Structure formats: structure tokens, C-alpha cells
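Residue numbers (the working numbering), protein chains in the order written: chain L, 1 to 518; chain S, 519 to 780.
Source of the hints: derived by calculation from the structure; they are not laboratory data. Here the structure is a predicted model, which is why all the values come from computation and not from measurement. You may find that some hints are simply not true.
Derived coverage of chain L by chain S (criterion: at least 3 residues anywhere in the stretch with Cβ under 8 Å from a Cβ of chain S; other residues may be distant) [said to hold, decoys possible]:
id: 1; segment: 122-135
id: 2; segment: 201-214
id: 3; segment: 366-377
Some chain L residues close to chain S (C-beta under 8 Å, calculated; not the full set) [said to hold, decoys possible]:
id: 4; residue: Thr-117
id: 5; residue: Gly-145
id: 6; residue: Leu-383
id: 7; residue: Asp-390
id: 8; residue: Glu-394
id: 9; residue: Ala-436
id: 10; residue: Tyr-499
Note that beta-carbon positions come from the ideal geometry of N, C-alpha and C, so glycine has one too.
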Amino acid sequence: MDAGKAVRANRPVLAAGIRSFTFHDDETTALRDVTVSFAAGSFTAILGASGSGKSTLGRLLAAWLPPGGHGALAGFLELSGSRLEFDGGPSDPRIDPAQWGRHVGFVPQDPATVLSTVRSTVAEELAFGLENSGMERAAMKAAVGRTAALLGLHDQLEQDPARLSGGQLRRLAIGCAIITGPPVLVMDEPFASLDAAGADGLAAVVRDLLARGTAVVILSQAIDPLLLEAGTWVVLSGGTVTGSGPPAAMGTGSGVLPPAIRRPAPVPAPVAVSRPGVPQTGIPALQLRGVDFAYPAGPGARRRLRKAGPTGEPGGPPLVLRGADLAVHPGEIVAVTGPNGAGKSTLLRHFNGLLRPTAGSVLVRGADISGAPVGRTAASVGLLFQQPRDQLFERSALREVSFGLARLVGPALAAQRATAALASVGLADAAQEHPAELPASAQRLLALATVLARKPAVLALDEPTVALDGDGLALLDATVRLAAAEGAAVVLVTHDLGYARSVAHRTVALDGGRLVPA
Amino acid sequence: MTASSPRTAAGPDRPGRLNPLTLLAAAGSTAVITTAAGSWPLSLTVLAASLGLSAAGGTARRVVAAAAAILVPLSLSLVMLHGLFFPEGTTVLAEWGPGRVTAEGLGFAGRRILQLGAVVLALLVFSFSVSVPDLVAALSARGVQGRFAFVLASTLTLLPAISARARRIRQAQESRGLVVTRGLLSRVAAFRLQAVPLVLSLVEDAGTRSAALEARGLSNAGPRTSYREVPDSRLQRTARAVLVLVAAAALVLRLVQAGASA
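With the hints as extra help, turn the sequences into a complete structure.
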């Protein structure tokens, strides 16, 4: 199995021959018999389900996981023709991550980990790597402008990186990786949380980089349309390469791709009216009446406002939601779509009172929640956060699901509910594992289990499909439909129009702060 | 604290904002001169000026709150100590056993409090009005090691970062039924639930972030540049030099006086 066959003629800029890689705190081998090589200007997709070893391979290639530090590598890494041999012993060569980083840019699965946290604007964050290499300011300004234009971040340059939306944050992380112009770019699940425009933008960036001779490697658990343009697909399963070759030879019929790898869902035609079977009478489980919302203006916000011109009340901060109306009945599934940064997550946080409207009201089962503490509304409203790391805080998966359950249903029923919720998302065997050590897809499902275990009347899901592999998506789909069938009102926010239309009874778009039928 | 209006330090886009080192020099020399001079009219002037500046800069509330936290216990102990037990005191105002409240003692305590207050306020006005990114950029431009500048910046951004993380954890817990009310007890109980996850997540975060920072060249030995433009001028450079010299002179003068009177 050699991924480099197609590009053997060219000398690879980056190559790896991994006989085995084992984490120090784990007995099982994370990777074995993985040989990959990437020539200048080549485009490779490494496909694998969650937990297949993709992220480990990506981090090894980018020296974010230097051999010897967290695990033992037997094999070699080769960069621009110079080969480093490792046997897992103390005499192994040491990698200088900064030197390596100049040649291999890396975008991790969680884009927030890229941020230096000490830079106050997106522009400065982009420039961080250039500053460290001592580039002149004029050249830095040009590079920042170029990169921002490439990624559609121009309007965010003066914004605080901590206040970007999920999709914008991913673009910033990509920008930080490519701004120094590394000959190799490795991206781990770059399409997660990008809207259609963002995915198109990313595709353009990749094509541009390829044309300039950059070797691009994308690690993914889904076959995004862009990946059909790759020269080579490498399939990773159980930590080893199970197939590789040009995409044409690896289609659905070849049997090379494991079923857990997601294929893009065709976008079904919009459903104009509610599907039959969902009564829209009686008291809605959730109702928003003319909700306005604006984030309080901080010093940064005031600056932005001056630049962009006031869009809210004269002199006030801009409204994220303006007169948003929504009614969701028990058993109904409503999808909310909209581009990155439209305010979708902001909308969901109103459902349980984490954010309070500046005008208008939110009613849960007919009762205004304005005076109720979040913890009390949470008995009726379950919220799945966009980032699992914002939701998970306990030491084990079981503790995570059990948090607060005993208070809700009593200790005896709590244990039963927690186990059942874990089982419903396929995590029964992972009950004692640390949430942070689970693969991304499992983290998302665990977060979902914490919400499902409470059996809320309103289920609010923020980008639930992001980071899920095919198996995970099937589980999500089944649990959402089941919850609705049992009478929960489900609101899911997603940029994945295909999924939205396949599962929801109706779809609304968040457009200019208003909810309009999509 | 001469021409330093803290308001100008808040907005990076504002023209005419001062170099953070100028602000630092102004605050530092003010503190040194006030301490060295030991003159209550000067202390009072500095105090009033600092309050005025922080009011103009919109930081008055935070400055006063922080100053009160530092100065109230200190002032009480100074009044207790010098007001009651001042050996040179002759004008006795009241007497309880071994303790005598003397006018001289109270006067001495008052002068000390004014002096301390002036120093504390000058430094607080600086720390609440300086732009941290500017300060870090100014320091790196002067060859301060990238790692050190980073540590300094993270120290200054640590508290907001921790409180943001704690808020995220609390929101996750509230979304799963933790009821936090405005009462102190409820908040303390909630914090107890957040403490362990908070520490664990900060540790884990530090681990993953360090790989990113290393890959982006944080530890590079060579020279580094700064994207952020920190305004500076010949006038400011001169002002800084003068401020440092005056502070040094005040210190020397004080030492000479002390030596002469000894």
C-alpha cells in the first residue's frame, strides 16, 4: 500500500513511513504500517471514520505530536529530502517544531487551539507566526491583507478573535497555517462548521495553493465535493492504510471505503408546507415573540461599529436578532439555517435563558421564562452546544451524562436514564472514558447523550452534524426522530442544508436577524 | 502623570494615543517622586490628578474599587499603629491604658496614607488604562524575548481567560439544571462544582495550545517584529528620559538629605 504511487515521479516534499506509533499512556498501537508521501502541488485526501487514527497521523506529519514527546514512533519522517529515522528509543532524533512548522502548516480539528490568546485582533493573530520569523511590517501587512482576502476575513480583521463565529474561527485557523507559505498544508476536517460559502471559499483557497505548488493534505471523514478533485485518496481504518489510489478507482462499488465515511447528501427540494402528522395546534412547546437581541457593546464592539456604521438603534450596538418570531409544537422538527455569523447560536441560547432578549419574549410550554433561572428552564429545554468542549466538563462519560440528572428525576431513575442515553448514542462501552480523550465524533454524541438523558420538551441542537462520521450521523438522525416521535419539539441549527431538509418538517432561515421560511 | 490621558490609551485606532512605555514611565516616576518627596501637598495633588485622569478615562469606578481594596486595610492599620503609639507625640487627644491618641501620630498616619494612596492610584490608573497589546508590542520591539513577552501578556489576559472559561462551564451546567441565583451561597456552591472542571480544562488547553505556539515559532531565537504599530515620537522618548532622570534625582536628593540629617 503506497499512497505515493501516483506521484512517484516527483520527489516528495513530505513523506512518512510509520511502522508503528503508540501513545505512552496507551497499550494499543495508534498507527501501524502507514506509508504516505506528498509531492509538490499534489492533493491528497486521507479518509477515515472517527477514531481511525486520522488526527494522530495529521499531527505526526505536522510535528504537533513530536515523536518521543507523547508517544513512541518506529519508522521515518522525511521533509524536503532529509529523512529522520525513529525506533522509539532515547537516541531518536529531536524535531524542532518551529523549523518543521515552516515547511508544514497544520489546521487542527478544533480551530480554537490555534489561537495564541494574546493577540487582540484577527489581523494580529494572523501575523503572529510572521512576527516570530522577524518579517518587516510592510510585508506582514501585505501578507495579512492577502490571506484575509483569500479567506473572506476582510471584515473581521479588527475583530477580537475570541468573538468570531465557529465558521469564521476555522477560516482564521486556516489563515494562520497558510500565511507563512509552507510547502505542505495539512488540514484536519477543514469543512466542519463551514457554511456553503465558506466551503466554496476553502475550495478556491485549496485550488490556489495547489496551483502555486503547495502539497495539500486533507484529513476527512466525509467525501466533500472538493475531495473528488484529489489526486490520491488514502483510506485509513483501525490505524492502518486499507486502500489508496485515485478517487475514480475507489468509488462506492469498489468496497474500499468503509461505510462510516460520509458522502455528501443530495440537497432535496425544499418542503413548502409542514409534513402531515405534526399537529400545529395547542400551546407551542417553544415560542419566540418579536425577540430583539444585541450584544452589549464592549470597547472592541464600539470600534467595529464605527467602521461598519450603526445598524441597530442610533448609537446603540447592532441587533443580532430583530423581531424574531418562532413557534415550535410538540413532535415538530424545525431546522434553522443561515450563513456563518448570522446569529444562529445566539438564537438558540435564548431558548433556555442563557441570553435574554433586549425586547420581546420567549415562552416555554406557554410560560414566559424571563424571570426563571437557566437551571430551572433547563428542565424543559435541552441545549446541545456548537462545541462539545463547551458542553463537556466531567471526568468520565458516565459522570458527564449523569450531571444534574438526579436532581431532575431522582437517583434511581437517573442511573437508568444515563446508561440508556449512553447506549442510544452507541457509547455504552465508553462509560468510564475521559470525554476529552474520545474521538471528535464520539465527543459530539456524548454531548448529545447529556441532552437526551434529560428528555426535555424542547431539544435545541446547535450544528449537531459537525464532526460526526457516517455512523454518528445515523445515530443522531435516529435519536432526533425518536425524540420528536416521543413528543419533543426539536429545533436544530445547521449550515448543512441537505441534512436540514431531510430531517426537518420545515426549514426557516435566519436572515438579517429575522426568521423567514426557507 | 503629565499629559497622559488614559482615554487615549483605550482605543488602538485613536490618533494621539501614547506609547505604553511613556505611560509606564509617567506612572513609575510619579510613584518614586511622591515617595521620595514625602510632602503631603504633593501627595494630595497626585491623588487628585490620578482620580481626575481615571474619571476622564472612564476607569474611575474600577480604579477606586481596586484602590479601596488595597488602601482601606492599610490605612486602618496605619491609623491604629501611629495614631495610638507614636513615641514623639506630645499633644494627647485621648488615652486608654498604654495607648494614647496624639495629634502628631494622627498627622503622621495621615501623611503616610496620602503618600501611599498617591502611589497606589498612580500605578492603578496606569494598569487600568494601558493597552496590553500595545505594551507587549512595545516590549518586543525593544528586544524583550518573545517567550517573556508572551508570559507577560498571558499573565495580563489570564484572568479574563479564566473567567470566560468558568462562565462557559457554568453555562453548560446551568443548561443541565444547575440553578444559580444571585445569592452569595448559591454562587459559592456553583463555583465549587466548577473548580475541578475549570482547572482540568485549563491544563488540557495549555497542552494543546503549546504545540500550536511552538509550530508558529514562539521559541524562535532570532529577532522578531511586531505587526501592531505602537506610536512613539521624539517628544515621548525625551519625556521618558526626563521622567526617569527626575525620578532618579529625587531619589538621590532624598538619600542625601537622609544622610545629612543622620
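Legend entry - Hint check, failures only: 2, 5 and 10
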